[in-house]
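Here is how the chains run, residue by residue.
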Amino acid sequence: EAQVTQNPRYLITVTGKKLTVTCSQNMNHEYMSWYRQDPGLGLRQIYYSMNVEVTDKGDVPEGYKVSRKEKRNFPLILESPSPNQTSLYFCASSFQTGSEAFFGQGTRLTVV
Amino acid sequence: AQSVSQHNHHVILSEAASLELGCNYSYGGTVNLFWYVQYPGQHLQLLLKYFSGDPLVKGIKGFEAEFIKSKFSFNLRKPSVQWSDTAEYFCAVNDASGGGADGLTFGKGTHLIIQP
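Top to bottom, those sequences are chains A and B. At position 16 of the first sequence the residue is numbered 16 (our numbering), and the sequence of numbers has no breaks. At position 116 of the second sequence the residue is numbered 228 (our numbering), and the sequence of numbers has no breaks.
Don't read these hints as lab results, they were simulated from the structure. Just so you know, even glycine gets a beta-carbon here, dropped at the ideal spot from N, CA and C.
So these bits of chain B aren't anywhere near chain A, every CB distance computed over 10 Å:
| no. | residue |
| --- | --- |
| 1 | Ser126 |
| 2 | Gly134 |
| 3 | Ser138 |
| 4 | Pro152 |
| 5 | Asp166 |
| 6 | Glu178 |
| 7 | Arg189 |
| 8 | Ile225 |
Computed list of lysine to aspartate or glutamate pairs in DMTMM-like fashion (alpha-carbon distance at most 25 Å, straight line):
| no. | chain 1 | residue 1 | chain 2 | residue 2 |
| --- | --- | --- | --- | --- |
| 9 | B | Lys173 | A | Glu100 |
| 10 | B | Lys161 | A | Glu30 |
| 11 | B | Lys220 | A | Asp59 |
| 12 | B | Lys181 | A | Glu100 |
| 13 | B | Lys173 | A | Glu1 |
| 14 | B | Lys161 | A | Glu1 |
| 15 | B | Lys161 | B | Glu132 |
| 16 | B | Lys161 | A | Glu100 |
| 17 | B | Lys183 | B | Glu132 |
| 18 | B | Lys183 | A | Glu100 |
| 19 | B | Lys220 | A | Asp38 |
| 20 | B | Lys161 | A | Asp59 |
| 21 | B | Lys220 | A | Asp56 |
| 22 | B | Lys170 | A | Glu100 |
For reference, chain A alone in the conformation it holds in the complex:
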């Protein structure tokens, strides 16, 4: 089954404790991206990757890092999480930029 898989689905952590949210897709898509969803703000892009070893900032990249060492994986790293990063995070992949995006199930992160 074609899918985008994120883990974990729920995470509560403390300020400053590094964490990684994993994202994996099995569709051989070139393009992957991370979004955060906040009430009243819709989805905002954090980072994107057009292919292996090619990543770039989206609209709200501060406080986040990503890597793309393999085509299928695109982890999101929070080196020092802060409470304003409490949000619902979605990973997405698409065949190429401009194509339909397929979304993961989401990760609800709470930073206390």
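The hints should help you fit chain B onto chain A, whose structure is shown.
The following block gives chain B in isolation, referenced to the frame of chain A:
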């Protein structure tokens, strides 16, 4: 950079009513347009998309949308809604001319509630 405006943040309708959700975008170049739906507690799913051709596109679950280039609009419609259509709806745009490397730009969403 593009921006997407969804006119209604909350819409409440009764079952069998007709639905139209407005979406306008700001970019003047070639665009790809999408409507996504997010059911409670779930991820985003594609309802329909427009890349080129017939400006009236049909999607899943009886939804359709019309691209009006002169109005920079891509409104979503459904002639008769059901209780199961209760969800959040997002309009999104992508710059198709230069490869759209910066991905999808989303509107802030419309929360649709259908009352039985």
